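Undergrad: Chain by chain, the residues:
There are 2 protein chains.
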Amino acid sequence: MDTYLKRRAELYTWMARNSVAVVVLEDTEGRRDPAIRYLSGHPGDALLILTITGHCVLCPWDEHLAEMTAQVDIIAPYTEFGRHPVTAVRELAARVGVPPRSRIEIPAITPYPLFLRYVEALFDYDVVCRDGGINAEIERMRSVKDGDEIALIEKACAITDGIIDLIERNIRSGKIKTEVDVAALIDREARLAGADGTGFETIAAGPTRSFGIHAVPPYTGGPFAGAGLSILDFGVKYAGYTSDVTLTVAAGELTKAQERQIALVEKAYKAALALYRPGVATREASLAVDALFRKANRSMPHALGHGIGLEAHEGPAIRNRDDNEWVYAPGMVVTLEPGLYDPKHGGCRLENDVLITETGNRTLTNSRVIRL
Amino acid sequence: MDTYLKRRAELYTWMARNSVAVVVLEDTEGRRDPAIRYLSGHPGDALLILTITGHCVLCPWDEHLAEMTAQVDIIAPYTEFGRHPVTAVRELAARVGVPPRSRIEIPAITPYPLFLRYVEALFDYDVVCRDGGINAEIERMRSVKDGDEIALIEKACAITDGIIDLIERNIRSGKIKTEVDVAALIDREARLAGADGTGFETIAAGPTRSFGIHAVPPYTGGPFAGAGLSILDFGVKYAGYTSDVTLTVAAGELTKAQERQIALVEKAYKAALALYRPGVATREASLAVDALFRKANRSMPHALGHGIGLEAHEGPAIRNRDDNEWVYAPGMVVTLEPGLYDPKHGGCRLENDVLITETGNRTLTNSRVIRL
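Those sequence lines, one after another, are chains S and E. Residues in the first sequence are numbered from 196 upward in steps of one, following the numbering used here. Residues in the second sequence are numbered from 196 upward in steps of one, following the numbering used here.
Just so you know, the hints here were simulated from the structure itself, not pulled from any lab data. Treat the hints with care, as some may be off.
One copy or any two copies: either way a pair holds, since identical chains are not told apart in the list.
[What the hints assert, rightly or not] Using 25 Å as the maximum straight-line C-alpha spacing, the simulated SDA-like pairs for lysine to any residue come out as follows:
(1) Lys-372 / Asn-330
(2) Lys-539 / His-259
(3) Lys-372 / Leu-361
(4) Lys-201 / Trp-521
(5) Lys-372 / Glu-448
(6) Lys-372 / Arg-493
(7) Lys-201 / Pro-308
(8) Lys-490 / Gly-447
(9) Lys-372 / Gly-416
(10) Lys-539 / Thr-274
(11) Lys-370 / Leu-387
(12) Lys-372 / Leu-387
(13) Lys-539 / Ala-353
(14) Lys-539 / Trp-256
Bear in mind that the values here come from a model prediction, so they are computed numbers and not experimental data.
Work the whole structure out from these sequences, hints included.
TA: Printed below as a string of structure tokens:
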């Protein structure tokens, strides 16, 4: 059975259970939603309309692109509707024969002024816009990858590993000297390996800048991998799916504080990995790392990890907030990325991508602390 | 007078005229708004709250960064409010003493579910969320650049021109052979010249891909600048402000159709530039180009131009839609980018950045059709 049909079939069931007759998804500048790609194969800049009767209508900005990429029932170009989402939804609902008073769910991120226009134009329908509705359901679905997705992520991770090894060789041989050297190498090698490119802007922070979680700007012409701690955070995107790793380069004679920081991060990494298994609340892993760092009078200024896939950050969340109810499940692909940062001694972060399996986990990437 | 104070003073006047006691601006993942940077110097990931009494409160995700960058009256870290915008606005409104029943305007792009939470938490205020309100006013302000902004854009444009010349030399000498070669060169040279990086993902499309307006993926390991038409669209971001140019490389013996296409684009460029002057509706320039192309039985599948600044696309719009009411005014910095695309013969686009002056315009970049 076709992957997209299968994913949509799950949603049609959800719609029936929740008395939702029509679901509207939108991907546009300023309001990106990879659910369109996930459910249709079309990369984005489109509306996707699902009906409880099993119709899937794509309304793309670029009709020709849609003809090449979309696996849907109907393609209705956006230009037919004066390029306005409200007009498109109203006319398409009429076209596929949605009965009056049906419930139409629009994206939870719909701005309030646009919501008012939907309500006005669809006055004979019950327009719903809510947190915890269709978008949350798709987020839940997307957090557990199917076989096709795991294969693509594994491919992204394999390219990532090749690049990590090449980076280590080129640092050792002196070919990589600056932040822009390493960022350029990643981008080029990813594309030459058939990837779409990088999954997000590479962060390459040499010893004077590695104390920041996310250096600004992300990379410069300044030195990388000189004496002290350098951090490199990057991802490779393959067929839409991104990896996300961070390696630390520790060069020259380190201070005791730097050695202690690296040891703590590696210890936290190991402790957390043992908790990355089905049935464990992701919050537990995060709290375990917090406790471990607290004992050493240190704290981590960011989350322990997150899901990866069509987005560089997606479900599940892996953090210590009270409202985090995510639980590891087989098929989730997540990052594990403990880090500590010190304005004087620099930062250390170690991040790999981990597939949750039936029995525990499998690490998909080979990022590490590289010592020179 | 300090730049940010001056910009905010304009807004305080607007607030008084429109009976708005408090304005809330937000920049966060998924809802970016450079107005925060424009009004405070802080690059983003923050709430900015302006009160009619002249208070400017920044609520940043990263307190340390804010201390280095923000020129505001008060910095109140987001962590104080449980990292929730509604809590932050409620508590800060109380802290600066906003009287009950005052009008509080929140961003027009606030999702409907979040709007409901604002209304609930701020029950004793009049919460407004609308198109055509504060965000539209800031968009209008930002469309006309002040002296500080023009200086930064000129710097971005100067770096851009240096890179264009280098690209031409390296294509002629054979150093640039692939799309990734030219994209990597741009990114590296921009950073080495002190720029933040590129203003958006570079689009480098060799002869087999230049027929697309925006090639997907934007660049690959494939050939660039071989026989036929190649398109290169890029921008350099300097201190937050981006340039945006497109050059076409025409190599080898061209077909008559290709020659005609280039001539048409250059003709349209020249005709439109004459209309880029104060008092002319931007729609007029767009319609003039449409008419010129229509006479040749061709049409352009994108807008003629747009404003540039803290965003790669901002006001004014320069397109032929009926609802486009923008008029060129001195201080606007805009693109002019006629283009024609043919699945068989490839595409040609010529784009430069243009400053509207008191008497006409001044072209800030030197992009061109490069013939090999």
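Undergrad: Run every hint past the structure and note whether it holds.
TA: Here is how each hint holds up against the structure:
For the homomeric pair Lys-372 and Asn-330, neither the shortest alpha-carbon distance inside one copy (44 Å) nor that between copies (44 Å) is at most 25 Å. With identical chains, the CA atoms of Lys-539 and His-259 are at most 25 Å apart between copies only, with a shortest distance of 15 Å across copies and 54 Å within one. Proximity of Lys-372 to Leu-361 under the C-alpha cut-off of 25 Å is found in both arrangements, the shortest distances being 14 Å within a copy and 23 Å between copies. Taking the shortest alpha-carbon separations for Lys-201 and Trp-521, only the intra-copy value of 24 Å comes in at or below 25 Å, while the best inter-copy value is 47 Å.
Proximity of Lys-372 and Glu-448 under a CA criterion of 25 Å is satisfied intra-copy only: 18 Å inside one chain copy versus 42 Å between copies. When the C-alpha separation of Lys-372 and Arg-493 is checked against a cutoff of 25 Å, the pair qualifies neither within a copy, at 31 Å, nor between copies, at 50 Å. Proximity of Lys-201 and Pro-308 under a CA criterion of 25 Å is satisfied in neither setting, with 35 Å inside one chain copy and 30 Å between copies. In this assembly of identical chains, the alpha carbons of Lys-490 and Gly-447 never lie at most 25 Å apart, being 28 Å within a copy and 69 Å across copies at closest.
For the homomeric pair Lys-372 and Gly-416, the shortest alpha-carbon distances inside one copy (9 Å) and between copies (24 Å) are both at most 25 Å. Within a single copy, Lys-539 and Thr-274 get their C-alpha atoms only as close as 56 Å, which misses the 25 Å cut-off; across copies the closest is 24 Å, which meets it. Taking the closest pair of Cα atoms, Lys-370 and Leu-387 come within 25 Å of each other both inside a single copy (19 Å) and across two copies (17 Å). In this assembly of identical chains, Lys-372 and Leu-387 lie within 25 Å of each other by CA distance both inside one copy and across copies; the values are 22 Å within and 13 Å between.
Taking the closest pair of Cα atoms, Lys-539 and Ala-353 never come within 25 Å of each other, the shortest separation being 35 Å inside a single copy and 36 Å across copies. For the identical chains of this complex, Lys-539 and Trp-256 are inter-copy neighbours only, at 22 Å across copies versus 50 Å inside a copy, given an alpha-carbon limit of 25 Å.
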